[in-house]
Amino acid sequence: KEAYANADDSLAKKLLENPAASGIDIEMDLVFFMKKQGNSGYMVFEGSVKDAKAFEDFNKQIIKGASVTKAGDLSVIKIEKGAVLTFDASKFVYISNAPGMGNIPALSQIPGNNNFGEQSQISLDSLQMYATKLYDLPSSESIYKDDRFSSTMKEAGDMHVWINNEQAYGGLAAGMLGMMKVNVLIEKNATGMALNFDNGKISVKTKQYFNDQVLKVLEKYPAKDISADVVNRIPSQNVVAAFVMNYPPEGLKEFLKLTGLDGTANAFLSEVGYSIDEFVKANKGDLVVAVSDIQPKPDSIVKRINEDGIEVSENKGGTDMKFLFATSVNDKASFDKMIGIVGSKIGDIAKDGPAKGIEFSINDKWFVTSNSKPYVDQFLAGGNSKQPFASRISGHAFGMFIDLQKAITSGSTFTSDSSAKAVADASLKMWQDIVVTGGKIKDGGMSYEAEINLVDKSTNSLKQLNKYIDVLSLHKK
Numbered sequence: 009k010e011a012y013a014n015a016d017d018s019l020a021k022k023l024l025e026n027p028a029a030s031g032i033d034i035e036m037d038l039v040f041f042m043k044k045q046g047n048s049g050y051m052v053f054e055g056s057v058k059d060a061k062a063f064e065d066f067n068k069q070i071i072k073g074a075s076v077t078k079a080g081d082l083s084v085i086k087i088e089k090g091a092v093l094t095f096d097a098s099k100f101v102y103i104s105n106a107p108g109m110g111n112i113p114a115l116s117q118i119p120g121n122n123n124f125g126e127q128s129q130i131s132l133d134s135l136q137m138y139a140t141k142l143y144d145l146p147s148s149e150s151i152y153k154d155d156r157f158s159s160t161m162k163e164a165g166d167m168h169v170w171i172n173n174e175q176a177y178g179g180l181a182a183g184m185l186g187m188m189k190v191n192v193l194i195e196k197n198a199t200g201m202a203l204n205f206d207n208g209k210i211s212v213k214t215k216q217y218f219n220d221q222v223l224k225v226l227e228k229y230p231a232k233d234i235s236a237d238v239v240n241r242i243p244s245q246n247v248v249a250a251f252v253m254n255y256p257p258e259g260l261k262e263f264l265k266l267t268g269l270d271g272t273a274n275a276f277l278s279e280v281g282y283s284i285d286e287f288v289k290a291n292k293g294d295l296v297v298a299v300s301d302i303q304p305k306p307d308s309i310v311k312r313i314n315e316d317g318i319e320v321s322e323n324k325g326g327t328d329m330k331f332l333f334a335t336s337v338n339d340k341a342s343f344d345k346m347i348g349i350v351g352s353k354i355g356d357i358a359k360d361g362p363a364k365g366i367e368f369s370i371n372d373k374w375f376v377t378s379n380s381k382p383y384v385d386q387f388l389a390g391g392n393s394k395q396p397f398a399s400r401i402s403g404h405a406f407g408m409f410i411d412l413q414k415a416i417t418s419g420s421t422f423t424s425d426s427s428a429k430a431v432a433d434a435s436l437k438m439w440q441d442i443v444v445t446g447g448k449i450k451d452g453g454m455s456y457e458a459e460i461n462l463v464d465k466s467t468n469s470l471k472q473l474n475k476y477i478d479v480l481s482l483h484k485k
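Be aware that the sequence shown starts at 9, since it is given in my numbering, and climbs by one per residue.
Take every hint as true, because none was put in to throw you off.
The list that follows gives simulated cross-link-like pairs (lysine-lysine, DSBU-like), each with its CA atoms no further than 35 Å apart: (1) K373 to K224; (2) K261 to K373; (3) K261 to K381.
Pair by pair, the computed Cβ-Cβ distance ranges are: (4) N392 to D155: 44 to 50 Å; (5) N468 to S18: 27 to 33 Å; (6) N207 to E25: 24 to 30 Å; (7) Q129 to I347: 52 to 58 Å; (8) K429 to G46: 51 to 57 Å; (9) D270 to K381: 35 to 41 Å; (10) K381 to K465: 39 to 45 Å.
Keep in mind the hints are simulated off the structure, nothing from the lab.
Each residue gets a CB set at the ideal place from its N, CA and C atoms; glycine is no exception.
Using the sequences and the hints, build the whole thing.
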């Protein structure tokens, strides 16, 4: 509505009323991708053309001074600042420079990387050549030849995302990191996702792919399922977020060997009289992190006069909350030794620094720390809090739960600002919770599933998102 009100020509209004007037076939798939090319890169947006004349008129309108030339069957518009549009009767390809792809800042700072600061540009003629090739791409050069990608695309989804982590972050293996064999974690590493906008929820299926060396370790040392009993130890009925997982300590040791970091780790630990083997012996592999009972501190509530001359109350950031961290114990003597070493290194910092007020305790099964002693004691006692989300995240190697209703409520309770209250009210009517589970190896990758659940279960989530953004735009500061 805002864009329509500000549109200064008839074509813009026409497109806002009917996007298909652009000549783009909006019933067909749209694709966006980025590709590294030497010390640079390019990005492409492509799709199908339904009406070539309407598409040409549309682009002449939005690209000031556009001049259409012919290259065989293709129409070509060269755009300022390193971009080209090509199209024919059935397809279009926008292609532009993405020079930063060839020189990610974090990678340029790695010792041994001689490309520091270099940013090359691909010529318009070269961009046109790359775009032209996409119209009749040989199957031998198609991304579909990668079985991992084709498997991702077979998952039902309104939207698919593919990240070739080896290509995106391969530069991390340069210099010193390459010498330490950390590159083994990046080789053949990729992520595939399928997103669905269902009624009342947004669902995401993710699969993380690794090379054979990493898979061999993951398969040899699989993570165990977390149990509902562990989740139900969390001593609160006002849990805002919980993170629970299992990891195999023996597998951690193998990963250190695989990356060549085992020697460095053992040398460091030996200085304090410890070792990787003792760490493995001490830990069983269960981790629990929880945040609960969030509320503003009474003395953080301040009053001010807003832009309408009305006195409003706001929380200026002071927040009380309970947090808890617990990890399972395999051998108490080895764990006690580890805690003693950590405690001796922290020294007096724990008395007056950030750790002031932190409680911890240990028994034969668990080490627990929290800012609440009753929480520590109740977790160790093994009570059953009957967490309503326990069944939703147990039975997996990894589980995460976020109660968006409690999180939003805790952030908006002490405010009388009308805009803030309107946004909070819209958010409470929109968001329910987030659940993420997974962590098991299957078919060459580690799988995860996520659900973002909405309050309204009968309306498509994408439509709800659209309306929610409208509300936010009305109350933007």
